[in-house]
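Visitor: Given two chains presented individually in distinct reference frames, assemble the corresponding complex, making use of the accompanying hints.
Each chain is listed here by its residues.
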Amino acid sequence: MINALFTIRQDPTTIGALVQRANRILIKFTENADNGTTLIHLAQKHITDKTIGDRPAEDQKLLQTLESLRGDKKISEAQAEAFLCTPADTLELQSFQAVVLLAALEHHKRFGKPERPLRAMMVFRLLYEDRTKSQKRLRAIEVDKYLAVAWHSVEEIVSRIDLIFEELSDDSLSYAHQRLMPVRRILRDLIAESLENLRTSSSSSGEAVIDAYKLAAGHEKPTGSLRTGDTNQAIESYGDFGSYPDVASAAEPDQLHGDDVAETEDTPAYIELSAQPILSDTTQDPSERRADNQTSGVFLATQFERSAPASLRRSHVLSAVHAKTVAGSIERREKRLICLTNRLSKYETEILISELKSRMQQCDASYMLYLALATGRKPAKLLQARPVAVYRDFQEVGSGYFLGTQEIYWLYRQALPAHRLPKSHRSLLDQQQTPVVLPVPCSAEVMRRLPETDSQELELQAEVLLKKINKANSTNLSIGKIADHLANFLHHQGVDDVLIALITGNPDIQEAGLYYTQYDSVSIYKAYQRYREKELRAETQDPIESKVALGGSQLVVTENAVTGIFDHLQKNVQALQGQGWDKVHYGYVMYVLHLLNFTTGHRPVRDPFDDIEHIDLISKKIFISDKESRLTTSSARTLVLPDIAVTQIGLYIEHLEKLHVQMQSLSPEFAQQVSSVLNGKSPLFFLIDRGSAIDDIRMAQLSPKSVVHFWSGVLDLPPNWHRHFLRTYLSQQKMVSGESIDTWMGHAKPGQEGLTRYSGMSIKSLETIALKIEQLCIKLKIIPLTSQGRSDG
Amino acid sequence: MASYKKLQLSHLYPHSAIVSAVEASLELDDQMNLKQFSDDMLNTLQQLQPAHVVQAESGLLELKKYHFFAGWHLFHELRRRGMTTIYAVVHQAPLADIEERAVMAELGMSSLVGINECYQASAFQLLRKHELLWPKIFSGDRPRTPATALESLCGISRSAAQRIAAPITPPSKPSLLEEMLSKQSKGNS
Chain H
1 MINALFTIRQ DPTTIGALVQ RANRILIKFT ENADNGTTLI HLAQKHITDK TIGDRPAEDQ
61 KLLQTLESLR GDKKISEAQA EAFLCTPADT LELQSFQAVV LLAALEHHKR FGKPERPLRA
121 MMVFRLLYED RTKSQKRLRA IEVDKYLAVA WHSVEEIVSR IDLIFEELSD DSLSYAHQRL
181 MPVRRILRDL IAESLENLRT SSSSSGEAVI DAYKLAAGHE KPTGSLRTGD TNQAIESYGD
241 FGSYPDVASA AEPDQLHGDD VAETEDTPAY IELSAQPILS DTTQDPSERR ADNQTSGVFL
301 ATQFERSAPA SLRRSHVLSA VHAKTVAGSI ERREKRLICL TNRLSKYETE ILISELKSRM
361 QQCDASYMLY LALATGRKPA KLLQARPVAV YRDFQEVGSG YFLGTQEIYW LYRQALPAHR
421 LPKSHRSLLD QQQTPVVLPV PCSAEVMRRL PETDSQELEL QAEVLLKKIN KANSTNLSIG
481 KIADHLANFL HHQGVDDVLI ALITGNPDIQ EAGLYYTQYD SVSIYKAYQR YREKELRAET
541 QDPIESKVAL GGSQLVVTEN AVTGIFDHLQ KNVQALQGQG WDKVHYGYVM YVLHLLNFTT
601 GHRPVRDPFD DIEHIDLISK KIFISDKESR LTTSSARTLV LPDIAVTQIG LYIEHLEKLH
661 VQMQSLSPEF AQQVSSVLNG KSPLFFLIDR GSAIDDIRMA QLSPKSVVHF WSGVLDLPPN
721 WHRHFLRTYL SQQKMVSGES IDTWMGHAKP GQEGLTRYSG MSIKSLETIA LKIEQLCIKL
781 KIIPLTSQGR SDG
Chain F
1 MASYKKLQLS HLYPHSAIVS AVEASLELDD QMNLKQFSDD MLNTLQQLQP AHVVQAESGL
61 LELKKYHFFA GWHLFHELRR RGMTTIYAVV HQAPLADIEE RAVMAELGMS SLVGINECYQ
121 ASAFQLLRKH ELLWPKIFSG DRPRTPATAL ESLCGISRSA AQRIAAPITP PSKPSLLEEM
181 LSKQSKGNS
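So the protein lines, in turn, are chains H and F. Numbered according to the numbering used here, the first sequence spans residues 1 to 793. Numbered according to the numbering used here, the second sequence spans residues 1 to 189.
Check before you lean on any hint, since a few could be wrong.
One-sided excerpt, in silico: chain H residues whose CB lies under 8 angstroms from chain F [to be verified]:
1) T90
2) L421
3) K423
4) I565
5) H568
6) V661
Calculated pairs, SDA-like style, for lysine to any residue (alpha carbon to alpha carbon, straight line, at most 20 angstroms) [unchecked claim]:
7) K423/H / E178/F
8) K183/F / W711/H
9) K173/F / T563/H
10) K65/F / Q577/H
11) K658/H / V19/F
12) K658/H / Q577/H
13) K186/F / R790/H
14) K658/H / K65/F
15) K658/H / L74/F
16) K35/F / T786/H
17) K65/F / D695/H
18) K173/F / D695/H
The hints are simulated quantities; they were obtained by calculation from the structure and are not laboratory data. In this text, a Cβ means the ideal position worked out from N, Cα and C, and glycines have one as well.
The following block holds chain F by itself, in its conformation from the complex (with noise of 0.2 angstroms):
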């Protein structure tokens, strides 16, 4: 059993399933554009693509905790905007398999912005590190290897696909001041 509700942001806190997700989302720079809405848009957003979380468990006199496990993109543009609330699936603790909704949800997430490179490579590492769920994730013809999964999953090219799970980092260039040390040190020697 589940319930819609709105809950205080404060109260929520992130589940173990997706806190690497949430830290790797630190570092992006408001790829989905968020900061172009308006908050009506922003709520009504929220309003359609709800957190999912489970109650945490606390004392008698502690204020209510939630595990947050999907949906929690836009919170961080809603807490910039100073929102307090959100709207949120409360499901009734323990789920069992609450790690592979988490997945899921985040997989499903790429699949809708999944133009944007950056959730690309993280839905690339999520669907390599989830092979078991993919029976789950596609119907018909199952991919063989994570970059055809990526590729029906976002829509892209074989190619496109390929260059994200085999990137070609560019050798770094050492800075001046290194080669000004190794300059002296090869002098010196």
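So here's chain H without its partners, still in its complex pose (with noise of 0.2 angstroms):
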């Protein structure tokens, strides 16, 4: 059944369309009396519906599944669906993609292992779209040559593919062993009735890393560099899934995604994969999860030019160079500095807004370049937005547009969880949706509706475009350069991160931020007002501060929500003196656990805070590693403690003390694991779990579902909207910048994290969010508490 290669959840009508294709994929085959019996035979076990004829309404279906697939950037997630809605436009690719299903189909049958087919099913995917790409149509064409329009049997696809590795050289050698060697790879398991080459690279255990790791390349990333495009190179070139086996040793059973990185001119070619982790606890959005936690597992695959000789290929150190120089070039990149060469001058800012503005009436191409210096995005961008009458008809998530008098309102509303909580919680939080709307200059007589073609064909007229206005001007405009105008800018304005991705609708810029941010309309307009008038030169009014309007993060709790939270947990402390000891510190845990989270911003994980060690009561500091996947040191932090936070936690280990005194007498061994809390030697915080016997006490972890227990009956909010709450309030605070709120909720992507090497940032900012956390606890009645429920002082 196709249905076991599928990898994400599908309507209905989806899923029946993906299974009829293929049915009617394998039918064909079966009618083609060319192929060999065998085939057919074997085709014909694989069919489930012989009664499907044309249908031209599926296709379209296909198509646009496969369009939402690319838009939503699930591709490399969903392999076979998106093979099955590849449509093989010649006899000879319908041949193919036909033999590349029932091997895929067969090998799972018998191998029960998807990664190989589902590689397989990807290079067709590939193979059949990179003719339409200037720079590989005519490797994918010579490719098409050999290939046959009947096949007779597996061993002759397995030698007409070694026949295609014997003939071609150099760069179409390499092209050719990347989109066939998975499809080889498969028949060759096939004719072997085993799996062949199977990484067992680190230890006898070698097969089950390889079951927890799924490798899959996608290739919608729009941002980063490659300087030879053909990254999928170096995946092949190691193989299956044991490619990066120190990562593969050292970590949880995460998922390793691969990202294509697209070419721009001044950075050397690299492949990016990122670890993630395979969700134990649900007590969180899985996306948001997954976002909060993505820079824990970012890997830099490089890879050497082609034209590099073999001994420096070989050598590991001048790997460890090449591959500092590749981090250096991220950085860079990330910094968006002015310096760079890929960034428009203001000498080409001038010319390209006057020979635009000169065009745009008749020129369509000219009017998509001038949209995408304004909204800074790309052409095939700009085409998926959706035109609306009014704005209030635009609830859906992604772009729009309306037209006004002198300006076109550009729409934009990000993808975010929907946090739907019960009815008795609605008064608990702020949910708003309304859409970042950027109101672009434009003169009534240029304005009109996008143009309806084909995107490709829009970005040749706009390369062709350019072309000529880079000659008669000695300019050095691309496309790339013109989009990512708009981010740049706002960056050297000193904007947020999360603003910018909202500006220019690419969540890639902060994807973590976004989640937990509610932005407000007035500050989107604030900052989009300085680049109308600086680099549009339009004039533009201020805003009404009375009339602002909220979207972003549906999970933001008002600041009565946090009080009664609070209030709650303390009353709770409170309610528990006299009904046991254990019961005591389950719900001082609870209250110390909860205020720490709230003045830290520290993510709801399994054994929060470390151990005692990692906060320094004195200079009051604290080093949170709280991602799931602690694989780099990425994902840690040093934080300046609130006042507040220092008290609680002095408060914390004097209880802890007593506990120790007092669990001498009553439990020797559970004394000994309470002096090791205070030691250091064990996480901080932990819960009692208590046996049938007197003395049968042990300490359990606290982990987010403890705390989803704990509220269990009372609040069903996710453990993380402490988060949203404060990511959300920081961005409101004067003096604290985008970066240091990064910083400070984990969230600095590589090149931009705080008190590195190149970072502007000192300590001095997270004293600033330390004091607006303390000013915001005091005015949220948030206090430091005994284990008595008394408040401290």
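Guide: Here is the structure:
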């Protein structure tokens, strides 16, 4: 069943269409009498419905599915679905698609492991798509020439692929290896009736490691850079899943995702891989959790240029130097330095605007380039926007626009978790969904709806136009430079990365921050106002502050609710007095945990705040490493503690010391464990688990599930609600920069980490944040509490 | 036969008969104000009110363990001050009436510090649970109810004893959060 290879959830209609497409491919294959009888017989066994004819409506549906997978960046997760949505248009490709499908189904049926079949399906799709790419078109066609209309046996297909490898050379051979090796591998497995070349590099548990990892190459990531463009080679050349044995052996059972990074001029080649934890606790929205943990496991796999001598490629030392260079260029890219050559200069901006304005009325390409400059989006992305008659009509996520009198209103709404909570919780949350609105200046004569042309065609036209402008004015304009200009400008103005991501509609700029921020329309407008005035030379009215509207995160609790939550926690500690020391400890741990979470923005993880050694109560600092996958140093940060947190930790330590003394009378073994907490050898927070025997007292791990259990029946908020509240609160504060918020939240991207070698941030910024949170706690009546439920002092 | 000995504090474990009393004491926050005494005073007090222990069964190679069943109230404070030894009356095991002795020692302690309401409450519970022990505790006119027993034991007034016997706990006030949630629920319905 093809369904077994589907990896993401789809609606029944789409699944039906996909299954029918699979059947159609196989039926066509069986109808071709030139194919070998064994293959035909095999194909017939995999057909689930023989009554299917051509259905144009379903084809249309599949094309839409492919587009939506591409738009949602889920194509790398749904290789089987994308494969079936790919319409093979020549007889050779149709036959090859059938062979790949047949081999994938049979492979999965025999070995039950989907990784290799999915990879084969992926390369078929890429082979098909390469024919539309200028750089790879010729190589794809070269491979096409060797494909047959009919195939007699599996061995024949393998030998044909081998023939391709023999006859092609240099770049073409390398390309053919990338695109055909995964297909050859599953065919070889079928012939050998076993999985060949399994990676078992590190230990006998190698197979388990392979099972735990899934590698998928995505091709949608818009940012980043690559010189050669053939990054798949690196993945292919390492084989299946053991490509990065060090990572694999050290990691938790995560998923590895590879992303080809698109080309620009000034950075060397690399592939970005990210380790994503398989969620064990479903106490949070999974997409939000993933985004929040995204930088924890980012690895870069560099590759040498093909022209580099073999000795150079083999040298580990030189590889390390090369990797360092790549890392440096990524850092530079993230910093958006003014001196980089792929930034628009002032001269180029002026030339561009004047050239575009003179042509805009007649030329669609010119009109689109102006919109690219004004909205920070590439033409292909602009064309995805839906025209709406009035502002109220825009209710969906994505982009839209409507035409005003002197302005085009560009609308954008980010896809975020809805956080649907019980009705009784409505008063606790401030859920609003106002879209981002950019008033793009445009004269009435020029203003019109976006052309309904093919995006590739339009980009070609735009490139031709830019060539002309470059030649006439000695500039070096490109579509990428134009579309990046708005983001670069805002970054240099010190605008929060989350606002830049919202304004340019590019969540990659600060994806994790987007999940946590509730933006206001006035801040967005003010940031864009500067760009309009300085770069687009358009007069702009000041925003009306009283008409502020909110959008973004749907999990921002109100200040009253925060007060209520802490009041409940405090009353709980008081109510538990006299009900047993273990219950008191439970209630007290919950209070302290919530207070520290609220003052440090710690993620809800198992064993939060590590141990007592991570806290310095004298200099009021805390070291936090709170990501599920603690593989890299980027997941850790040092923060300044507000006074209230320092006092609370002091009181909690007093509680532990008292518990340690008292427990020696009841259970010396448990007292020893409490002692190890006080010595920094065990996690700071623990719960108590009591057995049937009198002195059977054990420590239990504190996890997000325990917090959810604590609140069950009272409050149904995900345990990271405080991070939504704090990110939003801090972004509204003066004197608190976006950079310091990202550092504080643990959201800083590689190259943008605060307090590092090239960072201009000082500890003062974190002290300011600590002070703001201290003031907030006072305002919300959050106080340090003793284990007896009394306020300190 | 019993002997008066100096024992290591770390060798003492609670006897099952007094575990609940020890557990209850964990929640009390130095009700006897022991922190105010000097080390010497505390040592003297401990010598005068030694712990009562029985030796626990243990293997040949194991350290000697003792189960304490009375005179343990100073232990928390002694441990807090880092003192490692105490004086104890080591009874020869097995003692048939060890639970009775434990309860009577607890009540004796309560009669000494009877002005403290926390001890009065625990003494009331013990008296109620062990009515059969009253003849061994009280001479002359025996009390008829646990409240009158408490009155005699701690020397408090009848009304105070009755207040402890039937405490009036004010209904707990809902938290602000609960108020907000219930208000919203009412609004929805």
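Visitor: Identify every previously stated hint that the structure contradicts and give their numbers, smallest first.
Guide: When the structure is compared with the hints, numbers 1, 2, 10, 13, 14, 18 turn out to be violated.
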